[in-house]
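Colleague: Each chain, written out:
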Amino acid sequence: MMGASFMPLAPVAGPRLLRLLSPGGWSFYVAAAAVLFVAFPILHLVVPADSALHLSDYWVTLIGKIMCYAIVALAMDLIWGYTGILSLGHGLFFALGGYAMGMYLMRSIGHEGVYQSDLPDFMVFLDWKKYPWYWSFTDHFWYAALLVVLIPGLLALVFGFFAFRSRIRGVYFSIITQALTYASMLLFFRNDTGFGGNNGFTDFKRILGFPIAAPQTRMALFAITGAALLGFLLFARWIVTSKLGRVLTAIRDAETRVMFSGYNPVYFKLFIWTVSAVICGIAGALYVPQVGIINPSEMSPANSIEIAIWTAVGGRGTLYGPVLGAAAVNLGKSWFTKAFPEYWLFALGLLFILVTLFLPRGLAGLLARRKTP
Amino acid sequence: MSDATILREQWDDPVASGARLLSEGVDTSHKGILYLDGISVSFDGFKALNNLSLVIDAGELRCVIGPNGAGKTTMMDVITGKTQPDTGTAFFGQTIDLTRLSEPEIAGAGIGRKFQKPTVFEQHSVYENLELALKADKRVWPTLRSRLDGVARDRITATLETIKLVPQAGRLAGLLSHGQKQWLEIGMLLMQEPQLLLLDEPVAGMTDDETLRSAELFVSLAGSYTLIVVEHDMDFVERIAHKVTVLHEGSVLAEGSMDDIQRNEQVIEVFLGR
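First to last, the sequence lines map onto chains C and P.
So in the numbering used here, spot 38 of the first sequence is number 38, and the numbers just go up one at a time.
Every position in the second sequence, counted from 1, becomes a number in the numbering used here once 1000 is added.
These are computed hints drawn from the structure, not numbers from a lab.
Among the hints, erroneous ones may be present.
Stated by the list, open to error - Pair by pair, the computed Cβ-Cβ distance ranges are:
no. : chain 1 : residue 1 : chain 2 : residue 2 : range
1   : P       : GLY1170   : C       : PHE336    : 27 to 37 Å
2   : C       : ARG190    : P       : ASN1050   : 51 to 61 Å
3   : C       : ARG165    : P       : GLY1205   : 50 to 60 Å
4   : P       : ASN1050   : C       : LEU150    : 48 to 58 Å
5   : P       : PHE1043   : C       : THR256    : 14 to 24 Å
6   : C       : ARG167    : P       : VAL1166   : 50 to 60 Å
7   : C       : ALA302    : P       : VAL1166   : 48 to 58 Å
8   : C       : LYS338    : P       : ARG1153   : 55 to 65 Å
9   : P       : SER1177   : C       : ARG167    : 29 to 39 Å
10  : P       : GLY1025   : C       : LEU157    : 44 to 54 Å
11  : C       : LYS338    : P       : VAL1166   : 55 to 65 Å
Idealized CB from N, CA, C, for every residue including glycine.
Could you build all of it, start to finish, from the sequences and the hints given here?
Modeller: Next up, the structure:
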């Protein structure tokens, strides 16, 4: 019954924006915005550090990071939950966005690296004398921001065009995306590629001139990430409640009927696939300055599989479900990896199996069941 | 006078009710709307279609019968662009070469297809199913911006009445009965405003009452649409058919009125002679 109940086709009063969420949904939305933009800044910046109510750096970074993951889960829901295409390579788009932002952050270090050179330390170490051509202009923030959108977007567009045109579907598509992210990881592991090899980028000093570790900068990045999450939630809702959104779900359920109804599924898939990749890239760009590092392990197949697990745990095809799923799994992960570090992957696997067996509609399904017994 | 004769007489009357048939891109100036000529298709050496030639007139209701494996479904696949013929030509009207178009392009050109197994969007309501099928600009951007206007709503309501699913408009299509799904799929075809409707076993799994109502519907559609009906149910074919084509081993074995067909020695041998 995914989605069907809140897609009014009859004309309802009020502009479309206000109808994207139900009244209850808007209450949650406004409450979340109040917590993110008012409560958190006060608890972190105003409440003194020795107070019990003070929100520590640890929590701000952790929640900031989880919001980035939630954006990725949202993007995953668009392509998997609504369109039925399981990508096991979304970590790649996330990492590419992160690397694009990372290039800018590396160049903002200036002469404060270990070797006090114009070049990042890893290039000095490789005995490079100048930046490779693809690092051109990356010292400009807006150019880097453009790359954050363009690189994942163009890769998704080209890859998706050939894959969808060749009618690669289902598990074959999933495997190819998995191979794509794995191959990229191997490429980025190489020092010659020019992205710092297996160490990636780290030791950032500042962003747009602000010291990157300062509480105010941290809080600003946190708030921007929160705004991005809430913004993308509405954007995704706008897509899935449009006629295009209904075509996407129709592709998931009966693709041949979609074709024989006169829609070319290739372009619809390509559209949502590219949108999803761009959203992931932006999430990666928000992640890197908060976490302070980006390296090729973000492209490892396991990371991309985890994204699918957050989405499944939260409940596919609901948008808010995957956001909850990303939050729940990652809060669990940060506790679990401290308590029983070596067992986390087993726990994750077990969780996935249990959810698939007993909660096919995920946390969102559980909430919906409580509401309508 | 039996139901069948009444229906047949209704049909016989004004064949081409004009306007719709001549509208838009399909050139039916020579009476024919579909021309298959010398079509052959083979899969791994098996000849599914063998030099098949067939002409369908605009406004006709043609029944295609034949034993399993006679090539009925493959013929529909060729017409709708799902299968490329090895040899032969397929023209829609005088000008549209079907072998050069993709499935969505053929659907857009005015050919609607109903599958053997009812194929509707199960997670969408009946209303939304019809909305999606509605003839419109079906490219990505216009679809994203699309809003239903009054004319479209009226068309959906009219179709709901035709397929007798008004009370079910808000239900998920997946919850409909088998027969209702068949009707919904037919309704979706009508929303596309096609010139030519291909119906693959449209009454399979329907109750007697539903079958009767389907017969009425198809006969009423003939004239303003062209219909090709593939069916196993011989009673049903007898009820609606004006002209029948018998396929056997990938080519046309016989063509003519139901009476002619029933008297044809060859046909009796391969198909009717049970």
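Colleague: Indicate, hint by hint, whether the structure satisfies it.
Modeller: Here's how the hints hold up against the structure:
no. : hint                             : in the structure
1   : GLY1170/P x PHE336/C: 27 to 37 Å : violated, 45 Å
2   : ARG190/C x ASN1050/P: 51 to 61 Å : holds, 57 Å
3   : ARG165/C x GLY1205/P: 50 to 60 Å : violated, 35 Å
4   : ASN1050/P x LEU150/C: 48 to 58 Å : holds, 53 Å
5   : PHE1043/P x THR256/C: 14 to 24 Å : holds, 18 Å
6   : ARG167/C x VAL1166/P: 50 to 60 Å : violated, 37 Å
7   : ALA302/C x VAL1166/P: 48 to 58 Å : holds, 52 Å
8   : LYS338/C x ARG1153/P: 55 to 65 Å : holds, 58 Å
9   : SER1177/P x ARG167/C: 29 to 39 Å : holds, 32 Å
10  : GLY1025/P x LEU157/C: 44 to 54 Å : violated, 31 Å
11  : LYS338/C x VAL1166/P: 55 to 65 Å : holds, 60 Å
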